[in-house]
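Undergrad: Construct the entire structure; sequences and hints are all you get.
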Amino acid sequence: EPQPTIPREEGQVPFVFVGTVESIINAKVLLEYHLAHLKEVEQLRQDKLEIDAQLRNIHGVNMGSMQNFPIQRRNDRGYNSDMEMGGGRGRGGMMRGRGRGGRGGGGRH
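With the working numbering, letter number 100 in the sequence shown gets 91, and the count goes up by one each step, no holes.
Please note that a few of the clues may not be correct.
As the list claims (entries may be wrong) - In silico SDA-like links for lysine to any residue, alpha-carbon gap of 25 Å or less:
id: 1; residue 1: Lys30; residue 2: Glu0
id: 2; residue 1: Lys19; residue 2: Phe8
id: 3; residue 1: Lys39; residue 2: Val20
id: 4; residue 1: Lys39; residue 2: Ala27
id: 5; residue 1: Lys19; residue 2: Asn53
id: 6; residue 1: Lys19; residue 2: Arg(-1)
id: 7; residue 1: Lys30; residue 2: Ile49
id: 8; residue 1: Lys39; residue 2: Asn53
id: 9; residue 1: Lys39; residue 2: Ile49
id: 10; residue 1: Lys30; residue 2: Val52
id: 11; residue 1: Lys30; residue 2: Gln3
id: 12; residue 1: Lys30; residue 2: Val4
Just so you know, these hints were derived from the structure itself, not from any lab.
These figures come from a predicted structure and were not determined experimentally.
TA: Listed below in C-alpha cells is the structure:
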C-alpha cells in the first residue's frame, strides 16, 4: 500500500481512482461536483432550520392573532428520503425524475 501524500483526516475515507487519465479526471470532477452539492443541501437544511425557529418565535408572539391559522409543516426529510418510502412504489416510481419530461423520446423541451 503506497504511503499517503496527504495526511488522513478523522472521519475521511481514502480511496484510489483506477483507470485511464481521462476517466480519473472525469471521476474527480464528478466527485467534486457531488460534494459541492451535498454541502449546498446541508446549508439549505441549516437555513430551513433557522427559518423554522424564527417562525416558531413569531408564532409564539402573535399567538392571539393567529389562532385560526395553524402552521402546517411536513416532516423533515433527510437526503435520499424518496428511497425510504417503499422502493419506488407510489407516484412516479423509482426511476422517474422531477420536473419536465415525458414518456417518450423526441418530445418538445
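Undergrad: Hint by hint, note whether the structure agrees.
TA: Consistency of the hints with the structure:
1. Lys30 to Glu0: Status holds; Cα separation ~18 Å.
2. Lys19 to Phe8: 9 Å, holds
3. Lys39 to Val20: Violated, at roughly 29 Å.
4. Lys39 to Ala27: 18 Å, holds
5. Lys19 to Asn53: This hinted pair is violated, its Cα atoms lying about 51 Å apart.
6. Lys19 to Arg(-1): Holds: Lys19 and Arg(-1) sit about 18 Å apart, inside 25 Å.
7. Lys30 to Ile49: 29 Å, violated
8. Lys39 to Asn53: 21 Å, holds
9. Lys39 to Ile49: With a Cα-Cα distance of about 15 Å, the restraint between Lys39 and Ile49 holds, given a limit of 25 Å.
10. Lys30 to Val52: Outside the cut-off at roughly 33 Å; violated.
11. Lys30 to Gln3: Within the cut-off at roughly 15 Å; holds.
12. Lys30 to Val4: 17 Å, holds
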